[in-house]
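J.: Throw the hints in and build the complete structure from the sequences for me.
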Amino acid sequence: MSEKNGFHLIPSLVDIEAAQWNAIAGGQACLSHAFLSTLESTACVGGKTGWTPQHATLWRDGELVAAMPLYLKVHSYGEYVFDWAWADAYARNGLDYYPKWLSALPFCPIPGTRLLGRNADDRKTLLAATLALAADSGLSSFHLLFPTEEEGSWMREAGMMLRNGVQFHWHNAGYADFDAFLAHLNHDKRKKIRQERRRTGDHGLSLRWLDGHTASASDWAFFYRCYATTYALHRSTPYLTPDFFTTLARDMPDGVRLLLAERDGEALAGAFYLCDGEALYGRYWGATESLPFLHFELCYYQAIDYCIRHGLSRFEGGAQGEHKLSRGLEPVVTRSAHWIADRRFRDAVDRFLEQESTGIQFYLDELSERSPFRNT
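For the sequence shown, the UniProt record's numbering begins at 1 and goes up steadily by one.
Just so you know, these hints were derived from the structure itself, not from any lab. Only a predicted model underlies this, so the values are computations on that prediction, with no experimental measurement involved. Some hints could be false.
[Stated by the list, open to error] What follows is a list of derived Cβ distance ranges for each label pair:
id, residue 1, residue 2, range
1, Gly201, Val14, 39 to 49 Å
2, Ala221, Lys191, 17 to 27 Å
3, His323, Ala120, 32 to 42 Å
4, Val14, Leu364, 34 to 44 Å
Even for Gly, the Cβ is constructed at its ideal location relative to N, Cα and C.
T.: So, in structure tokens, the structure goes:
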């Protein structure tokens with residue numbers, strides 16, 4: 001068989017050796033071959049999900065030198081960068097917005113590298129080839145979500161429009177323990193967090209941190225029940241299947257964390273995280289019993305404490321959630337890049353993004369005035 005060369009779309013990560021993919025993906029858990037291939041093998045993407053894998057790859061003499069996760073999308077669910085209004089505008093003008101090209105981590109609003117590769121030239125070549133593919137495909141658009149700032153500049157140079165957003169992340173300033181972190185907050189926020197944690201403590205719960213090595217099949221089955229309950233309460237359908245959690249725990253045991261809250265040995269709530277050498281990433285939670293402030297304890301305070309105890313540099317709390325500010329998470333600018341085929345819509349979107357960017361800056365200025373940290 002001849003060795004691959006040049007640009008290729010790959011319909012499944014099964015067709016790419018894990019070692020080749022991981023060699024250019026870095027150490028971020030959600031970019032690993034195990035994470036992305038588990039989404040495929042457990043039917044979270046592919047089939048009738050509206051996420052059709054078409055991963056963009058660049059090869060040289062049979063070696064994978066650059067890649068990006070790429071999907072054909074027939075909706076905008078599970079992206080966390082909202083373009084429903086753009087799709088509606090297309091529909092009102094008798095045009096098809098879907099399918100569209102999307103480079104993203106499904107169901108993961110985690111910022112980071114999206115153009116994988118060992119050097120900038122190969123990564124830029126991959127971007128150019130993907131843009132050419134989008135232009136030749138006849139589809140409406142190509143979108144790339146949550147790239148790094150450097151990648152964003154490459155995308156702007158390549159003719160894509162940039163869009164800013166805001167997330168809330170906690171940063172480890174070398175705190176000795178959770179109390180040392182609290183000492184850096186202003187009096188009102190510090191008092192509020194202590195009150196909330198005392199209220200949670202009154203529930204008489206014990207907490208267990210598990211990973212893929214230590215969590216049992218029954219632990220994952222219970223957590224899936226919690227996860228599905230959270231979606232049901234929001235009248236929505238879970239994106240992830242039960243097999244996803246058990247398979248990921250098996251194939252990426254060091255990259256997952258499960259926090260269970262128990263009373264008298266019986267689990268009643270859980271939170272699921274991804275983890276790598278740099279950060280803890282908050283993803284999903286749920287409970288079978290509604291208890292005041294338990295969500296904040298499992299999804300924020302325990303995560304912060306975990307990062308301090310394990311020397312992780314940050315905790316990323318996921319998309320949106322202004323309430324995270326008062327709990328010590330700080331606003332961080334995120335970005336996405338967009339290419340629209342139709343010039344009329346491209347110009348309209350460009351004007352919209354310019355106005356939105358001004359609004360985002362005002363929002364950031366307002367958040368900075370509400371910082372929970374003491375003035376030093």
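J.: For the hint 34 to 44 Å, verify it against the beta carbon of valine 14 and that of leucine 364.
T.: 42 Å, holds
J.: Do the beta carbons of glycine 201 and valine 14 sit within 39 to 49 Å of each other?
T.: About 47 Å separates the Cβ atoms of glycine 201 and valine 14, which means 39 to 49 Å holds.
J.: Determine whether the Cβ-Cβ distance between histidine 323 and alanine 120 falls within the hinted range of 32 to 42 Å.
T.: 39 Å, holds
J.: For the hint 17 to 27 Å, verify it against the beta carbon of alanine 221 and that of lysine 191.
T.: Violated, at about 39 Å.
Violated hint: 2 only; the structure is consistent with all others.
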